[in-house]
Amino acid sequence: MPQIFRSPSQDSFMLVRRPAWHTRAAIAQVIMALFSLAAALAAHDGAVRGVLFAAGSVVAAVVLWTTLARRESARLLLAWPLLTLVLLTVASFVIPDGARLTVSFIVIAFLFAGLTQPPLASLWLVAPALVVHWSVIDLPPAQAAIRMTIAAFVWVATAELPARLTFDLRTARLQLAREAATDPLTGLANRRGWKVDVERLVHAVSRSGRPLALMLLDLDHFKAFNDRYGHLVGDELLATFARRIQFGLPPEAVVARWGGEEFAIALPDTTPTEAVAVAERIRAAVPMQQTCSVGLTLSGAGDSESSLVARADAALYAAKNAGRDRVAAG
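Sequential numbering from 11 applies to the sequence shown in the working numbering.
Calculated directly from the structure, the hints in this document are not laboratory data. These numbers were taken from a predicted model, which means no experiment stands behind them. Glycine included, every Cβ here is placed at the ideal spot set by N, Cα and C. Hints may contain errors.
Ranges between beta-carbon positions, derived for each pair [as the list claims (entries may be wrong)]:
#1 65 x 136: 35 to 43 Å
#2 287 x 73: 48 to 56 Å
#3 261 x 153: 29 to 37 Å
#4 99 x 167: 16 to 24 Å
#5 190 x 114: 39 to 47 Å
Kindly generate the complete structure, drawing on both the sequences and the hints.
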């Protein structure tokens with residue numbers, strides 16, 4: 011059975027605001043370029059080489075930001091610490107004295123990785139960081155080895171501790187978001203979760219011109235059923251009906267418990283004939299010899315979540331007024 015309702019994020023690292031972190035990283039690269047220029051001038055690497063390196067660093071940051079800023083994968087944020095390591099490697103040849111003064115940016119790169127990536131992801135940076143550190147420092151091999159060992163532990167700690175802390179925080183936030191948007195009895199979206207997902211769906215179909223069907227379902231005479239059999243049996247009816255609603259729906263469908271004995275379904279890429287067929291299938295699947303009424307509508311130009319729900323609600327009332335246990339379109 012497909013999972014119909016998805017929380018705003020299935021992956022806790024979707025909670026990373028990727029465009030904001032890309033922008034921060036680009037700004038950090040520009041700041042690094044300015045520090046490198048100042049270090050080159052202070053260390054007598056030469057104004058021309060310092061300016062060329064700083065300008066190249068800014069250009070690289072702009073190109074990378076333009077390429078990655080709108081990408082979806084959080085893993086692509088690792089490109090920024092890698093750019094830092096590449097630039098410091100270049101600096102070790104172009105402005106060697108300035109590079110030694112700005113090698114601390116490797117720590118900032120590891121901290122950036124720790125704040126944006128899951129635990130252990132930063133370990134991919136250790137080997138290239140050691141290579142860069144070796145190329146920048148100018149010490150006898152024994153002293154260099156000791157310094158690199160210490161640096162490796164510092165870099166890993168700088169990345170791994172924030173990564174584990176932020177992972178726990180993101181997981182907690184994700185769990186809270188799921189609980190806030192999920193009906194505990196049926197496991198479907200509640201109205202909060204429905205509104206977020208359907209507004210996103212309406213926006214997508216309005217841009218693409220694809221059809222969207224929306225229906226509201228109401229279990230007929232549910233109060234009488236509850237009074238006769240008790241609330242526990244009523245809850246069982248709701249939970250079983252929720253499972254049957256989801257059967258056979260596409261993964262992109264959004265299903266919610268609208269409230270009480272009412273449910274809502276949004277189906278993208280659905281023709282009127284297909285929508286009626288789905289509604290009739292659900293109407294025939296009500297458990298415990300009960301029935302339901304369905305109000306159905308299809309999206310048009312300029313529709314919003316609210317206008318679609320209003321039309322489906324009017325159609326639902328029409329189905330009830332016509333005798334219940336039927337589908338009405340509006």
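Hints, one by one, checked against the model:
Distance hint for residue 65 and residue 136: a CB-CB separation of about 30 Å, inconsistent with the stated range 35 to 43 Å. Evaluation of the 48 to 56 Å hint for residue 287 and residue 73 yields a pass: the beta carbon distance comes to about 51 Å. The given range of 29 to 37 Å is broken by residue 261 and residue 153, whose C-beta atoms sit roughly 59 Å from each other. A C-beta distance of roughly 23 Å is found between residue 99 and residue 167, which places it inside the suggested range of 16 to 24 Å.
As the Cβ distance of residue 190 to residue 114 is approximately 41 Å, the hint placing it in 39 to 47 Å holds.
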